[in-house]
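> Protein chains in written order, with the working numbering: chain A, 2 to 130; chain B, 4 to 135.
Calculated directly from the structure, the hints in this document are not laboratory data.
Just to be clear, a hint being listed does not mean it is correct.
To be verified - Straight-line C-alpha distance at most 16 Å; calculated EDC-like pairs for lysine to aspartate or glutamate:
1. B:K129 with A:E77
2. A:K75 with B:E114
3. B:K135 with A:D36
4. B:K77 with A:D111
5. B:K112 with A:D36
6. B:K77 with A:E77
7. A:K75 with B:E78
To be verified - Listed below are several chain B residues computed to face chain A (Cβ distance under 10 Å; list not exhaustive):
8. L22
9. Y26
10. A29
11. S30
12. D32
13. P49
14. N50
15. H54
16. M56
17. L57
18. S73
19. A81
20. R82
21. M127
As the list claims (entries may be wrong) - Simulated coverage check for chain A against chain B, where a stretch passes if three residues somewhere in it have a Cβ under 8 Å from a Cβ of chain B:
22. 17 to 31
23. 34 to 45
24. 62 to 76
Ideal placement from N, C-alpha and C gives every residue a C-beta, glycine not left out.
So you can see what is in the structure, the chains are spelled out below.
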Amino acid sequence: MLAPDSVGRTFAGADSITISQSEIDAFAAVIGETDTSIAPPTFTIRISLDQFQSILTKPEIGLDWSRLVHGDQKFEIFAPVKAGDNLRCSATIESYRVAAGNEIVSVRSDLHRSEELVISSWSTLVVRA
Amino acid sequence: MIAVGTELPEEIVYLDRALLKAYADASGDQNPIHQNEEFALSVGLPNVIAHGMLTMALVGKYVTNWSGGSASVKEFGARFIKPVIVPAGERVDLTINGTITEVNGDQIKIELVATSAGVKVLGMAKAVVIKK
Numbered sequence: 002m003l004a005p006d007s008v009g010r011t012f013a014g015a016d017s018i019t020i021s022q023s024e025i026d027a028f029a030a031v032i033g034e035t036d037t038s039i040a041p042p043t044f045t046i047r048i049s050l051d052q053f054q055s056i057l058t059k060p061e062i063g064l065d066w067s068r069l070v071h072g073d074q075k076f077e078i079f080a081p082v083k084a085g086d087n088l089r090c091s092a093t094i095e096s097y098r099v100a101a102g103n104e105i106v107s108v109r110s111d112l113h114r115s116e117e118l119v120i121s122s123w124s125t126l127v128v129r130a
Numbered sequence: 004m005i006a007v008g009t010e011l012p013e014e015i016v017y018l019d020r021a022l023l024k025a026y027a028d029a030s031g032d033q034n035p036i037h038q039n040e041e042f043a044l045s046v047g048l049p050n051v052i053a054h055g056m057l058t059m060a061l062v063g064k065y066v067t068n069w070s071g072g073s074a075s076v077k078e079f080g081a082r083f084i085k086p087v088i089v090p091a092g093e094r095v096d097l098t099i100n101g102t103i104t105e106v107n108g109d110q111i112k113i114e115l116v117a118t119s120a121g122v123k124v125l126g127m128a129k130a131v132v133i134k135k
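Next up, chain A with everything else stripped away, as it sits in the complex:
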């Protein structure tokens, strides 16, 4: 059960993350993308999901990550990500509800490069009853 007062809170990532060329190469290879000068559109999901996991499983928030499934996903990409980018991440818990015993959490991730917002993404995460 998610702590009710956590809805609406924004959590800044503890550290910034530097994107490496080898990470982009590995992701691109899986989908058959040969241009690795920029990251594929969904590449940053790894950063966002890692941050959601670290926030939502904090004891004071209390989500059970082991029963989680991904309900939906949306990206808005303002600028492509490339190797060497140093990204700061913040995550916001936008909503929470319980339906048929399933917990449904909507979270937003904002990735900044210096002061520039490069990608916002929204994930609906469902903890199965």
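Keeping the supplied structure of chain A fixed, place chain B upon it in accordance with the hints.
For chain B alone, kept in the frame of chain A given last:
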């Protein structure tokens, strides 16, 4: 031809267990439901399933094949309505189609349909691109 109603050419890509392992390594998502059949069955799944985000990444590649590379994508979203089921030793299809549903200046909205073994796996799938 870029007009509302234009259909993008269908593409079929294939998934197997090796691709799921490669995506797990590339994405850091090592959830055993995407690699371990015994575990997947134990949590009530019909078999090992693909990462929803792998399906979405492959559909993203379909979009960028048409729109001119990764930099062309401005928005991309989908709902994961059914899993792509990947039995051991098999290659399963992901069949992807797209239709232009809106043209607004240089921004083109594409509605996407993705099926595997005849079952629709994504819902509300759409992308907004600026074609290069």
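> Take the hints in turn and mark each one as holding or not.
Here is how each hint holds up against the structure:
Restraint check: the Cα-Cα separation between B:K129 and A:E77 comes to about 12 Å, which is no more than 16 Å; the hinted pair holds. This hinted pair checks out: A:K75 and B:E114 have alpha carbons roughly 14 Å apart, not beyond 16 Å. Straight-line distance between C-alpha atoms of B:K135 and A:D36 comes to about 14 Å, which keeps the hinted pair within the 16 Å bound. Restraint check: the Cα-Cα separation between B:K77 and A:D111 comes to about 15 Å, which is no more than 16 Å; the hinted pair holds.
About 23 Å separates the Cα atoms of B:K112 and A:D36, which puts this hinted pair outside 16 Å; it is violated. The hinted pair formed by B:K77 and A:E77 meets the criterion: a straight-line CA distance of about 6 Å does not exceed 16 Å. Using a Cα cut-off of 16 Å, the hinted pair A:K75 and B:E78 holds, with the two alpha carbons roughly 7 Å apart. Interface restraint check: B:L22 against chain A, minimum CB-CB distance 7 Å, threshold 10 Å, status holds.
Contact between B:Y26 and chain A, as hinted, is supported at the beta carbon level, the nearest pair being about 5 Å apart and thus within 10 Å. Satisfaction of the interface hint for B:A29 is found here, the shortest Cβ-Cβ separation to chain A being roughly 4 Å, below the 10 Å cut-off. The beta carbon of B:S30 comes within 5 Å of a beta carbon in chain A, closer than 10 Å, and the hint placing it at the interface holds. For B:D32, the interface hint holds, since its Cβ comes within 10 Å of a Cβ in chain A; the closest pair sits about 7 Å apart.
Given hint, B:P49 at the interface with chain A, is violated; its Cβ is 15 Å from that chain's nearest Cβ, farther than 10 Å. A hinted interface residue such as B:N50 counts as satisfied when its beta carbon comes closer than 10 Å to some beta carbon of chain A; here the least separation is about 16 Å, so the hint is violated. Using the Cβ-Cβ criterion of 10 Å, the hint placing B:H54 at the interface with chain A is satisfied: the shortest such distance is roughly 8 Å. Given the 10 Å rule on beta carbons, the hint for B:M56 holds: about 5 Å separates it from the nearest Cβ of chain A.
Annotation: interface hint on B:L57 holds; nearest CB of chain A at approximately 7 Å, less than 10 Å. Restraint check, B:S73 versus chain A: the minimum CB separation of about 5 Å is within 10 Å; hint holds. The interface hint given for B:A81 is met, as the beta carbon of that residue sits about 6 Å from the closest beta carbon of chain A, less than 10 Å. For B:R82, the shortest C-beta to C-beta distance to chain A is roughly 4 Å, which falls under 10 Å, so the interface hint holds.
Taking 10 Å as the C-beta contact cut-off toward chain A, the hint placing B:M127 at the interface holds, the least distance being around 7 Å. Figure legend: the segment 17 to 31 of chain A, annotated as covered by chain B; annotation consistent (5 residues with Cβ-Cβ distances under 8 Å, at least 3 required). Coverage of the segment 34 to 45 of chain A by chain B holds. Counting CB-CB distances below 8 Å, 7 residues qualify, and the rule asks for three or more. Coverage of a stretch by a chain is defined here by at least three residues with a beta carbon nearer than 8 Å to that chain's beta carbons; for the segment 62 to 76 of chain A and chain B the count is 7, and the condition holds.
Going down the numbered hints, you'll see the structure goes against 5, 13, 14, while the others check out.
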